[in-house]
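Reassemble the complex: the two chains are provided individually, in unrelated frames, and hints are given to aid placement.
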Amino acid sequence: MKHKGDFLNLLRHADTLMDDAEVARETFEVDIERKQNLIGAAPKPISDALQFPSHGKPTPGTTLEIPEATTVVAMRYQNGIIIAGDRRATAGTSIVHDRAEKVLPIDAHSVLAISGAPAMAYEIARVLKHSFQYFRRSQLQELSVEGKLRTLSRLIRDNLPMAMQGIGAVIPIFALYAPQTDEAENGGKIYFYDALGAHFENVDFATTGSGSIWIRGVLRYLDRWGDTRLEDMDQRQATITILRLLDTASEYDAATSGYNAKAEIFPTVKTITHEGVENLTEVYLKECYLEAT
Amino acid sequence: MRDLPYRWIEAIQDRRDYIEDQLRLGSPVVGLPYENGSLLLTVTKGAQKIFEVHDRIALSAIGHPADIEQLRMLVTDTASVQAFQSATEDVNLHRLTHYVLAHTFKQAFEAIVGEAYIIKMLLVEIGDGDAKTQFTHINYDGNVNIHDDSAVIGGTTEIENAMQDYLITEQSDTGCDLATTIQLALKTWAVGRELSQRFEEAEDNIEVTDEQIDEILKTELEEGEIEIGILDNTLPADTKFRILSQDEIQGLTN
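Chain order of the listed sequences is A and B.
Just so we're aligned: 74 in the working numbering is position 74 of the first sequence, and the numbers increase by one with no gaps anywhere.
Just so we're aligned: 148 in the working numbering is position 148 of the second sequence, and the numbers increase by one with no gaps anywhere.
Chain B extracted, bound-state conformation (with noise of 0.2 Å):
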């Protein structure tokens, strides 16, 4: 098939329709700064979806579980080893990136022969002492996207420009507390919801109102429970990721 470009083409927009109607329905993360450190929040109906990859980088991704799960590792994996070897400062989130996920993603959606990765990745690194916190978006045919202040992940390019859009207007602050940031991301994510789930009916409706995020969020919230992990900068020990338990969570939305 390679010798013939315009069908390669074609088969490459082929695999791109079908991952990207495959991602539609995932449920958004979000990744924003606050005062100590940086959160990621989603919403889940049982599987776990933020992960900690290294002492200062967390991880979370849309897509089909078992993707998720071998990038996870493969990510984890390097990260160890490199640590090991040389020293933890060494492992960086740049590193990881360039190095080892953005070209894995890229050879697998290409390969239009083998199986492509049904996934969009985001990770967050925070910084210690002049390096800057750091949030970077993987798609799944490799690209790569860097954000210092918020980034997001959405079933479709649409919905996380929308969700994105939502973050420019609210976020005011990027030192909010705790409570505050999970507030604002809570309802950032209610707002990719919230578009997943219209956008077989009207794809240029992008308009959420508080109304419809307030609903979403109840209606999601019965069946769902949010999910956040935090890096924590203030943590005592060299790992500063934790997930935050139900009861906290519950603490910090009331």
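Just chain A, with the same shape it has in the complex (with noise of 0.2 Å):
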């Protein structure tokens, strides 16, 4: 019990940690102070220096990497959440995978959408992942839905400084279905979090990535003059929707990627009902295609 169930706290203590936060934190500090006695100047506050993601332009005062190569987007539909990432991983100009996974189950009722450096958010989910089960196993229930917000939150934060070194930053959406929900209700949530770690609840709809903006608005206006608004579409209105989103972001960003006809490469595509986490399957999502081109 001495752990009191947090999993970074647990492995800390079997001297297993992979202390590369906490080492890339002190590195960042030495860093900083070596440049102030080599100019003279201050720091800038991180405060000071960070701002929201700018859509491909660093942050003027900082080595911020912005997430660049990707498209994820999440939205409520009628029987949860509905979730979805292209599959192509870039380095620079170059396109390096076309079937990376983005879209990553955590556990019964979350998922996590990645953007930024894959290294990075692929630990922050096998540790979130763990982190989850590891409450559950040794307090012996959920984790309640705050808990999972700030041990994210906590995640992310702790990547700051090797974000501020330009090594990855780490933007994602996090969605999950509250199972303790009435079932009447849409029990479906979907946070968007800065690269600081701040949370916050997007109602509807959240998009990241390089090819968010290009359907950001889409979105916005779908769900406010759309014939059926996100939340009132049924599972294949909204899978269709959500893969015209991803060929629109594909169309207007190289790196997002469309669906691969040649190659048969679909997105990925999940929902988030009171069921739990299900992936639509290929042959759904191809038939879903032909409706939607």
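By construction, these hints were calculated from the structure, which means they are not laboratory data.
DEER-style ranges, computed between Cβ atoms:
(1) B:242 <-> A:178: 16 to 24 Å
(2) A:97 <-> B:179: 45 to 53 Å
(3) B:127 <-> A:166: 44 to 52 Å
Positions of the beta carbon are idealized from the N, C-alpha and C atoms, including for glycine.
Set out below in structure tokens:
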């Protein structure tokens, strides 16, 4: 009981914690101090330096690398949340992988959609998954929604020094279904994070990554003036809509892939409902694509 | 005391008698396979006694609640750290039993100036692919017994033997559905409970009739609740463990 369900604390005491974040933070502080000594200027406070991602342009005064190579999108529909991501991974102008998984199940009712440096993002997803499991197994109860959000905040904040050094920022969307919600209500919730770990609930939809600027306005338009509001769509309507959105993003953003008909590579699309996380099959997506295009 | 071997042996025997006396009235636990996996069943009066250790491993125990909690956390922490360091597939019951639990039990038991654990533990791991389902019984002194078909823990070795004998007589098929398996587990539990209550009177009287099983179940379930944890291979998530709700148990036992 001494770790009180805190998985990171357990790892620390097991002498196994991958102290990357702490090492990076120390390196960052030493680096700032060294620069200060060289130029005789006060270091720029982090709170001043960091801004929300500005879509491809580094914020002046920092070395923060803004996520550039992804489109992930989540929206509420009739039964809960639908969440999707393209499959492309890029390095500079090169396409390095066309089957990357960016929509990662964390537990039975939550999913993390990642944009940013894959190494950091996958590690954050892995730690998050183990943290939720460890809390449940050790404390004999599920971690609360707020507890899950704070755990992710902490991991993103711990990654800040890496982000500041340009090694890799991670800006995820975290979507979950609160299973204790009354079945008549939609328990789906979507949260957007900034690089400092602050989370904001997006009521109807959220999108991040370099292709997100091309579809955020479309989402807003559809939700406000579309024939069917996003939240009123059934699963098929929602799937077709989200595939069209990713297709639109891929049309304008070179770092976002569309449906690759030749190789039959589809985006990853998952639903989160009262019953849990479900991966929509390629057969189903193919049917929807035929209808969508 | 260690330089006086006869006193050490005597002290160990005293310790054994003390622990067995403490365990005698513990509510037994029954572990059985069923068509989709395995289950652990007991009857409790409040505190949870069946726990998830890892994706495919569950645990139950009888003994002092503080000792159960301490050792449950030891095995859960170890499994969690190992799964994170390498992979979930590298966590298995064999390693947890032989490299973590058994020697911890033994060391505490034989360190006669320290506190021994008052505990008997039953763990189960369901197979995946070629791997077989395995039940592991760990005694308070660190002795390990591995079973493929079923396993029980009860207050004394005699109670456990009687429960196993009942299982051998009644267990027709290892691939029964959940409801049938629960019925068998519950009756086996009742055999153990009945014997733990009458042990003071006649240690060689281990016959339990069907009427006595019905009677003890009726009496015990007035105050206690059936607790069942299952490892279900058909669950879609990585984690195959879940505790059945009281509503589910009612539906399966009526």
